[in-house]
Amino acid sequence: MTHAREARVWATITARSAGDGARVSPADLCHACADRLGLAGAAITLLSAPDRRHVSGITGKLADALEDLQAVVGEGPITDAWERRRPVLVRDLAAPERRRRWPAFAQAAVELGAGAVFAFPLQVGAIRLGVLSMYREAAGPLTDEELADALVYADAATILTLEGGADNGFAAPADLDGANVASTAVIYQATGMVSVQLGSSVEEAFVRIRAYAYAHDRRLADVARDVVGRRLRLTAGPENT
Amino acid sequence: MSSPARRNRDPSEVGVDARRRHLAEAFVELADTMVNGFDIIDFLHLLSRRTAELTDVKAVGLVVTDQRGQLRLVAASTEQTHMLELLELQNEEGPSLDCFRSGGAVRDVHLEAGERRWPRFAPAARDAGFATVDAVPLRLRRQTIGALNLFSTSGGVADEDVDVAQALADVATIGILSARTLSEHEMVAEQLQSTLNSRVLLEQAKGVLAERHGLSMDVAFEVMRDVAHDRAMPLSGLAAGVVAGAELVELPAESEAKDR
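Which chain is which? The protein sequence lines are V and U, in order.
Per our numbering, residue 18 is the first one in the first sequence, and the count goes up by one each step.
Per our numbering, residue 291 is the first one in the second sequence, and the count goes up by one each step.
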């Protein structure tokens, strides 16, 4: 299987930026995602705790209203996706089980004009950054194709957040090896090892391995293999950043 | 794709009673795990090991779709690196991918002759010492969510053992999706993505432990599984604690010696 889908999705995001080599912002990603998936809006919400949140990118009035609503009532798909570390796919906000789940949020969301919400955690194993949420006026499920694209947008949002910091955005990766979050076991193992070498979080270790691969023009998996094979150590010093 | 002649186990090889007993024990053990302190990766690892024993093959691996167009490994009977790589290679080609795409079993493919079909996978599997491969699908009604891959060093898998492997693959599907989800389309995506992230977390924790104690990755896995069982905590809970630096895992004396 190929990275054709990743290539397609990233092309929609980079097309939003000012031009070649320009930085891609979280808002660019939300716009591209909304266009591609026929959404009324999308938002990237960064969370460090359920009540500690920050919107890094957003598009559409409905997304504005629903993101805000969830922050105010303290419940909803964003919090659930973050806490349960899994997508929360709500094809019909008016369904009784959704009202039971979110007594304050579901009813108000429907009144604000939302029919369906899909929320995807931005995560890589232990790394958990926030949630990409998507809003539609009409009720109805994502098709399999839309789901696949939505997952890749969530991967892209994860990379964008990790590499660019909260609001800065970042230059789109030149190769899709780097654009792909979901990758081989050896990369995750190396992340764990480097976090111990640096005495850092896994987030930082993940970014450092990627930075090392870019700086040395090597494939991420090859660098990771060297780490796991104990041929390469990343240290806190500047020499291999 | 299918074996030319139906092959049966030599009845003298394993007594029918003993075989039934082993089968029953495996299902009891798996059912027990599903009820008590369920951890999906731990469960699928156990299931892979029992599948290898019951079908008399050397190794078993389990992959599922990531719903973006790739197959990802979630468990294997052995966590040795070459095994994990053989499973990851099947993003591109191999029995699991063929099985996933067709939704049917891939039967008894001899790796000697399999090179044209799988130019990268077949030599890699042969180099790892395997002679034949089989794969059975993880099925949910008309949908296929993954495959259980059987690697044999001698002859292939007997026909009655393929039925056993399929039954275990069905149990794996139920384990991943959990019974209540079978009615809801959305839940399949939610559970699959959650399972995949648990696997990523486990790999990160293996890395932390391997670096901290100078272990190989497969020993790091075994240590974590043993500790999780000793403390009666879910493997992914322990893994999260290990990555966060909150869980200190002390090694049994022999673990250090096993490696390097």
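Don't take every hint at face value.
Stated by the list, open to error - Now the stretches of chain V that chain U is said to cover, found in silico as 3 or more residues with beta-carbon under 8 angstroms:
#1 45-55
#2 201-207
#3 212-222
As the list claims (entries may be wrong) - Computed beta-carbon distance windows for the label pairs:
#4 V:Gly216 <-> U:Asp307: 53 to 63 angstroms
#5 V:Gly55 <-> U:Glu540: 18 to 28 angstroms
#6 U:Arg431 <-> V:Leu215: 14 to 24 angstroms
#7 U:Gly359 <-> V:Arg117: 32 to 42 angstroms
#8 U:Arg406 <-> V:Glu100: 24 to 34 angstroms
#9 U:Ala534 <-> V:His71: 14 to 24 angstroms
Stated by the list, open to error - Facing chain U, a subset of chain V residues (Cβ under 8 angstroms, in silico):
#10 Arg25
#11 Gln140
#12 Ala143
#13 Ala155
#14 Pro158
#15 Leu168
#16 Val169
#17 Val245
#18 Arg248
#19 Leu249
Calculated from the structure, these hints are not laboratory results.
Note that CB positions come from ideal geometry on N, CA and C, so glycine has one too.
Verification of the hints:
1. 45-55: violated (count 0)
2. 201-207: Our answer is that it holds, as 6 residues pass the Cβ test (under 8 angstroms) against chain U, meeting three.
3. 212-222: That given contact holds, which follows from 4 residues of the segment 212-222 of chain V lying within Cβ reach (below 8 angstroms) of chain U.
4. V:Gly216 <-> U:Asp307: 53 to 63 angstroms: holds, 57 angstroms
5. V:Gly55 <-> U:Glu540: 18 to 28 angstroms: violated, 54 angstroms
6. U:Arg431 <-> V:Leu215: 14 to 24 angstroms: violated, 47 angstroms
7. U:Gly359 <-> V:Arg117: 32 to 42 angstroms: Holds: the Cβ-Cβ distance is about 35 angstroms, inside 32 to 42 angstroms.
8. U:Arg406 <-> V:Glu100: 24 to 34 angstroms: violated, 49 angstroms
9. U:Ala534 <-> V:His71: 14 to 24 angstroms: holds, 22 angstroms
10. Arg25: Since the shortest Cβ distance to chain U is 11 angstroms, the answer is violated.
11. Gln140: holds, 6 angstroms
12. Ala143: Holds - the Cβ of V:Ala143 comes within 8 angstroms of chain U, reaching about 4 angstroms at its closest.
13. Ala155: Violated - the Cβ of V:Ala155 stays beyond 8 angstroms from chain U, reaching only about 16 angstroms at its closest.
14. Pro158: holds, 6 angstroms
15. Leu168: holds, 5 angstroms
16. Val169: With a minimum Cβ separation of about 5 angstroms from chain U (threshold 8 angstroms), the hint on V:Val169 holds.
17. Val245: This interface hint holds because 7 angstroms falls under the 8 angstroms limit.
18. Arg248: violated, 14 angstroms
19. Leu249: Since chain U brings no Cβ nearer than about 12 angstroms to V:Leu249, farther than 8 angstroms, the hint is violated.
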